[in-house]
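Asks: Keeping the supplied structure of chain C fixed, place chain E upon it in accordance with the hints.
So the protein sequences, as listed, match chains C and E. 6 is the number of the first residue of the first sequence in the working numbering; add one for each residue after it. 13 is the number of the first residue of the second sequence in the working numbering; add one for each residue after it.
Errors might be hidden in some of the hints.
[Claimed, not checked] Quick list of in silico lysine-lysine cross-link-like pairs, DSSO-like style, CA-CA up to 27 Å: (1) E:K174 <-> E:K226; (2) C:K63 <-> C:K75; (3) C:K94 <-> E:K76; (4) E:K75 <-> C:K94; (5) E:K166 <-> E:K218; (6) C:K94 <-> C:K63.
These aren't lab readings, by the way, just hints derived from the structure by calculation. Keep in mind the model is a prediction, meaning the values are calculated, not measured.
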Amino acid sequence: MQPIDVWEVQAALNRFANQDVYIHLETTNGAYAAHHNEGFFSAGAYIRNGLIRFSRGKIVGNGPYRVGLKLDFGWVYAEGLTDWEMTEKGQLLLAGHDYEGRLAVALQLSHEPF
Amino acid sequence: MERHILVVFPHPDDEAFGVSGTLAQHAESGTPITYACLTLGEMGRNMGVPPFANRETLPLIRKKELEEACKTIGIHDLRLLGYRDKTIEFEDEELLADRIGEIVAETNPSLVITFYPGYSVHPDHDACGAAVIRALKRLPKDKRPVVHCVAFAKNCEQDLGKPDVIRDVSSVIEKKLAAIQAHRSQTEGLMKAAKKRGGDVLEWLKTERFWTYKWDD
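One chain only, chain C, in its complex shape:
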């Protein structure tokens, strides 16, 4: 992956608009967060291969970045995004890595299931 280029990611988001796309969205503290620090409230969420359709996708911020996808009846968003990649299969991968290189958030779009 490489550091996010806002213009290129915006162009990639546009290419997924107004069609059925598969989404992977996750955020996590890691399973050991509360083991290492008992005062830590561990939470996370994960959806893989949800089928969505958005009319507008937008990347904003000065880095780390935020991406919002406007659905017909709702929203999807992720914050803390730092890196991106377009795979050979045409999947858009967006990820937020913390200062030690750990994945903190992922937002991915694909025409085929992941």
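Replies: Leaving out everything else, chain E in the frame of chain C:
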């Protein structure tokens, strides 16, 4: 000497820190080992700086690392069960026990190594250990293999007592270090952090501890 050892863990690298020395010693004395690994650790978080992996390539990397670690330890029968990281506790418990039971029936192990259910911190670890116990409980008590469990929850000594199997693995420490290093995507950061903290990491790695599972029936 054991007849056959069956190891059941959910993630590539679960075998590295806690049991790879024990396994390498058994392999050296000629005991066949089967390692059933439930997932490919798809949800691992260490991606490196700059990132060397992404969410989609990580499982492929971890599979290769696992195969390399097994070669180092002397495990020739690796079974990848194809479940997904962090979802084991949501699977049907009976069906999961069926899969493990099939491998038990096929390999007829005298010793099974897994996580102690309820005392292994990660939900996948606890669910994996529970499935192994569920599978073995279906056997008559006198036909069940011995089960050595890994546990590291904060309350494990308070509840379970001291580990009753303590194994000095210094004779194979090079193999163990190589197995840990094979899981580069997960263990590199951990080893760096351990060294920074000080203390003798090597001394800690030279001893492996297990709790023999006590059947309640």
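Asks: Does the structure keep C:K63 and C:K75 at a Cα separation of 27 Å or less?
Replies: Measuring from Cα to Cα gives roughly 9 Å; hence the hint holds.
Asks: Take a quick look at whether E:K166 and E:K218 sit within 27 Å of each other, Cα to Cα.
Replies: 21 Å, holds
Asks: Would you check the hint for E:K75 and C:K94, treating anything up to 27 Å between C-alpha atoms as holding?
Replies: Since the Cα atoms of E:K75 and C:K94 sit roughly 21 Å apart, the hinted pair holds (cutoff 27 Å).
Asks: Do the alpha carbons of C:K94 and C:K63 lie within 27 Å of each other, as the hint requires?
Replies: 22 Å, holds
Asks: Measure nothing beyond the straight line between the CA atoms of E:K174 and E:K226; if it is 27 Å or shorter, mark the hint as holding.
Replies: 13 Å, holds
Asks: Is the straight-line distance between the alpha-carbon of C:K94 and that of E:K76 27 Å or less?
Replies: This hinted pair holds, its Cα atoms lying about 22 Å apart.
Going down the numbered hints, you'll see the structure goes against none, and every one checks out.
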